[in-house]
Amino acid sequence: MAWTLEDEYIFRRVTGTTYLLMAVTGLGYLALMWSTVVLLGGFVTLLHKKDFWCVTVISMTQAARIFNDLAEQLAPNFVSVLVGNIVIVSTDLCIFSRQFARGLRRRPAAMSTWFWALQVLDRIIIIPFNGMGYVAACLYQYSGPFVCIALAMWRIAQRDYTGGDSSSGGGGTGNLVPALDMFYSLVLFQGGLYVIWPLWEWGIFDDDPASLLREYRGDIGLPDEEWCCDYLARYLSDIRARCWREPASIRERTLRHFALDSLDSGSWEDMLSGLRFLDAMVEYGEDMRPQLLPFRPRIQKLIDVLGWRHPADRAREMRVAAASIVAQLAPDIHLAQFPGAMECISSLLLDEEATDLLLTNIRTRDSYKLILRGLAILDGLAFDHNNCTAICSTPGGLLRTIMAPLSSAHLMDDIRNNTNWARVVSRSLKVLYKLLLAPGMASSQLRREIYSNKQSMSNLESFLEHGQEYAGWELAELKREAMGILTQLRGDVSINLAMETKKKLITKLLQIFLGDGEEGEEAATVFNPLTAWAGETLLSLLTKNKSDTALVMNSQNDIIGRLAGILDAKNATTYRIIAANILENLCAHCDLDKQWVKETLLPKVVTEILSSKRGPPENNVSPPSDEANQKVDSPPGDQENQQNSAPRRDEETNNISTQQDHIEIQETSPTTDQYKSSDGGNKQQSSTTKLTREAFLSLALVILDKLVSPDDFDNAVQKEGVGPAAFVGKIKTIVEDNYQGNAESLRIVKLCCRIAEPMMQRDQYAQHFRNTGFVELVSNASKNMSNLESCMLLAETDFGLKNTLRPTLSDLKNRAIHLDG
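Going by full-length UniProt numbering, the sequence shown opens with residue 1, and the numbers climb by one from there.
The set of hints was computed from the structure by calculation and includes no laboratory data.
Take these hints with a grain of salt, some might be off.
To be verified - No farther apart than 30 Å at their CA atoms in a straight line, the calculated lysine-lysine pairs in the DSBU-like style are these:
| id | residue 1 | residue 2 |
| --- | --- | --- |
| 1 | K546 | K504 |
| 2 | K503 | K706 |
| 3 | K570 | K604 |
| 4 | K594 | K503 |
| 5 | K544 | K604 |
| 6 | K719 | K594 |
| 7 | K570 | K730 |
| 8 | K544 | K502 |
| 9 | K604 | K594 |
| 10 | K544 | K706 |
| 11 | K570 | K719 |
| 12 | K783 | K730 |
| 13 | K719 | K732 |
| 14 | K730 | K594 |
| 15 | K504 | K454 |
| 16 | K504 | K544 |
| 17 | K502 | K594 |
| 18 | K502 | K454 |
| 19 | K706 | K719 |
| 20 | K544 | K503 |
| 21 | K570 | K594 |
| 22 | K719 | K598 |
| 23 | K706 | K730 |
| 24 | K598 | K730 |
| 25 | K598 | K570 |
| 26 | K502 | K706 |
| 27 | K706 | K598 |
| 28 | K454 | K544 |
| 29 | K732 | K783 |
Whenever a hint applies, use it, and build me the whole structure from the sequences.
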C-alpha cells in the first residue's frame, strides 16, 4: 500500500511522542532507583523530615508507574471507566430514590422493612466510598506528576538538605547534597518532558492527518469533528502501543491498514469506524482491491454486513459503507466462492423500503443510496458470466425488481423530474444489459421477458425517439444503455423486432457515429467514447444480422460516401477502423456502385496500405492519451466485443469506464490495464498500427473479391505512382513486421497472402514475388505461428468480429508455393 505524506507525518509525530514517553518512563525508573538505593538506602538516617517525606511521596508515585500507564495509553481507558462508573452510580441512586419514594407512598405488604434498610445502608456505604475512591484516583492520576514537580522545585530551591550547611560532605553527611540534587533534577527533567508530551500529542489532531480525515468524511451526516478525533485517537493509540513494543513495526502501519484490521474486530464501534474510513477512501478514488481481494474472510464479512437488517441507524450506515466497498471489488468477485453472497446482496434491493422505492417510484427515502450501491454491485458482478447466471436464478423477485424502472409506465416523466431517479434507472439498465450478454438459458429468458413486456419495449423505443429535450448527462447514458439492450434483443434469433424499431435503432446509431448535429467537419477528428461505442455496436449488428446492411444503406443519403470520408488520415484512428469494418460488411452484402468503388473507395484503401510505415506510426495515429483518458460509463457493446475482442481493441476504446459522482462507485473492467507495460506508449501505438493495417487490408481483400478485378486493383496501385516491384516490396515489408507475434499479426499475414494470391497470377507481379523471396518468408512465418494458430483453431475463435481462421496460414503457404512454382 502506498505510503503517503500524511502517513509519513503521522509516523514522525507518533514516534516522537512515543520516544518522549519512553524517556519519561525511563527517568521515572531512574529516579525511583536513585531514591530507594542511594537516598533511602544509604542516607535514610541523615535525611531531614522534609526531604524524607518528599523523597517518599515522589518514590511512591514513581513506583505506581503512572507515567508508564500514560505511555501505554491506559489513562484514556481509566477515564472512560471512571466516567462510566460515575454515571452508573448516579443512575442507580436516582432509580433507588424513585423506588423508595414510590414504596413509601404505596406501602406494599410484600415489601420488607429490612429490605429497604439494607438498600439504604448499601447506598450510604457504597456511594461515599466510591466517590472518595474516584476523587482520590483523579488526584493521583492527574495530580501526581505535578505534585512530584512541585516538591522537587520546592526542595531544590531551598536546598537546605543539611540544616543550613550546604557544603558537600559537611557535618558527616558525605554525598547527601549532590545525591539529592541529582534526584530532584531527575524529577524536574521528567516533569518537564511530561508537560511537553500532551502539547505535542494534541497537535496531531489539528494538523494534516485530521484535516485529511475531515476531507474524506466531509459528506457524512454525523458530527464530522467528533468522528475524526475519535478515529484518529484510536489509530494513534494502536500505533503507539505497537511503537512501544517495536518502533520499526509502525513503518507500514497506515490509516488504511488500521481500517482494514478493524474489519476483523468483534466490536461494533470498531467495525463501523473502519467501514466509514474505507468507504471514504473509495469515494476519494483509492483502489482498495489489492488490500482486500487476497483476504477472502474479509470480503465474506463485508458481504455479510450487506444482509444485516437491524433497524438501528448505525446498521444502515454500515450496510451503505460496505456496499460502496463491495461495489469496487465486485468485478473481481466470483459468487461461487462466497456462500450466501447473493442473498445478502439481493437484500439491498429486496427489503421493504427498497422494493417500494423501485416499484412505486417513491424517491424521497433513505434507501436511495442503498439501492444505487446495490445495483452498482450487481453491475460489477455481471462482468462474470457465471455471476450473471447466479443473479438471474436468485429467488425472491430480484430480476423483477431490477426490471422495475424499465417497466414503469411513467419512466420518461420521472427521469425528467428527478435526477436521482435517472441514476437509478441508468444503473438498472446497465445491469440488465450485462445480464443479456451472458450465455445460457437465463439470458435468453430475460431477453424474452423484456421483449414480451410491452411497456418495457415502449420505454426502450422512447429513448430512441426523445432525449434531446432532456438536459444532463443522464440523457446520453440512458439512450446508450437502451440502445445496447435493443441490440441484444436484435441479436436473438428467437426474437423478431418490429421493422420500425430496427430502423430507429440503426438510424440512431448511425447518427451518433457520423456526428450528425455536431458543428463543422472536425467532429470525426476528436475522439468521443460514445461515438466509438455507437460505431462498434452498429458493426456488431451488421456482423450478426446480414440483412441489416440494407437498413444501413437506406437510412441516409450518401451513407457510403460519408463512411468513406471517415477513412481519411486526419480522423481519429478508432473511427477509421470502425468505418473500414462497416464498409467491408456493406461491400460484402450489398450491391454497391462498382464504378464508385473503383474510383473513390479503392484508391483510399490502397493509399492507406501503401503509405503505412514500419513500426509505430508518427503522424496517422491519434495519441492514445488524448482519447483513452476521456471516460464515460462502461459502454454497452455486443457479446462478442465484451468476450472475444479485448485483445484486438486499442487503448482508446478499451479504457472506457464509468464517471464517479459523489455517491456512485467507480467501475473497473478487468481488462482495463491489459496493454499497460514499461513501454506502454510504444505498445499501444504498435497495437493501434496493427488494428488500422488489418482493417484496411481486410477491406481491400473484400473489394478485390467482390467488386473489382485484379486489373482494377492494379490500376489503383499504378495511380499511386507505385510499380509492381514497390507494391510487392510493401506487402513483404508488412509480413516482415508481423513475422511473429499475436493473433493480430497472424491475421495481417494471412490477409497479405490472400491479397497477394491473385496478383501472383499476373506476369508483371509474379517475377517480383519470386525475386523477393516472398514464398520463403511466408513459409517461415507459418512455422513461427503454427502453435498460435493451432490454439486459435482449438478455441474456434480469433478474438474478433470476423472469422478469419480459414483458410489457415499453412493452406495459404501451399497455395503460394504452387503459384510460385
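Each hint tested on the structure:
For the hint pairing K546 with K504, the CA-to-CA distance comes to about 17 Å; that is within 30 Å, so the pair holds. At roughly 26 Å between alpha-carbon atoms, K503 and K706 fall within 30 Å of each other, so this suggested pair holds. For the hint pairing K570 with K604, the CA-to-CA distance comes to about 13 Å; that is within 30 Å, so the pair holds. Pair hint K594 plus K503 holds up; C-alpha atoms about 26 Å apart against a cutoff of 30 Å.
Distance restraint check for K544 and K604: the Cα-Cα separation of roughly 27 Å lies within the 30 Å cut-off, and the hinted pair is therefore satisfied. The suggested pairing of K719 with K594 holds, with an alpha-carbon distance near 18 Å, which does not exceed 30 Å. Taken as a hint, the K570 and K730 pair is honoured in the structure, with Cα atoms around 22 Å apart against an allowance of 30 Å. Pair hint K544 plus K502 holds up; C-alpha atoms about 14 Å apart against a cutoff of 30 Å.
Among the hinted pairs, K604 with K594 is consistent with the structure: their alpha-carbon atoms are about 15 Å apart, no more than 30 Å. Restraint check for K544 and K706: satisfied, since their Cα atoms lie roughly 20 Å apart, inside the 30 Å limit. A threshold of 30 Å between alpha carbons decides the hint, and for K570 with K719 the separation of about 21 Å falls inside it, so the pair holds. For the suggested pair K783 and K730, the alpha carbons sit about 22 Å apart, so the restraint of at most 30 Å is met.
Between K719 and K732, the direct Cα distance comes to roughly 20 Å. Compliance with the 30 Å bound is thereby established for this hinted pair. With a CA separation close to 26 Å, the supplied pair K730 and K594 stays within the 30 Å bound. Taking the CA atoms of K504 and K454, the gap is about 17 Å. The hint holds against a cut of 30 Å. Between the alpha carbons of K504 and K544 the distance comes to roughly 18 Å, so the proposed pair stays at or under 30 Å and holds.
For the given pair, K502 sits about 28 Å from K594 by alpha-carbon distance, which is consistent with the 30 Å threshold. Using a Cα cut-off of 30 Å, the hinted pair K502 and K454 holds, with the two alpha carbons roughly 16 Å apart. Of the supplied pair hints, the one linking K706 and K719 holds, its CA atoms being roughly 21 Å apart against a limit of 30 Å. Only pairs whose Cα atoms come within 30 Å are accepted, and K544 paired with K503 is accepted, the gap being roughly 16 Å.
Restraint check for K570 and K594: the C-alpha separation of about 26 Å stays at or below 30 Å, so the hint holds. Of the pairs offered as hints, the one joining K719 and K598 holds, with about 12 Å between alpha carbons and a cut-off of 30 Å not exceeded. Simply put, K706 and K730 have alpha-carbon atoms about 23 Å apart, close enough for the 30 Å limit, and the pair holds. For the given pair, K598 sits about 21 Å from K730 by alpha-carbon distance, which is consistent with the 30 Å threshold.
Under the criterion of a C-alpha separation no larger than 30 Å, the hint pairing K598 with K570 is consistent with the structure, at around 22 Å. For a cut-off of 30 Å, the pair hint linking K502 to K706 stands: about 27 Å separates their Cα positions. A C-alpha spacing of about 12 Å is found between K706 and K598, which places the hinted pair at or below 30 Å, so the restraint holds. Simply put, K454 and K544 have alpha-carbon atoms about 25 Å apart, close enough for the 30 Å limit, and the pair holds.
The hinted pair formed by K732 and K783 meets the criterion: a straight-line CA distance of about 17 Å does not exceed 30 Å.
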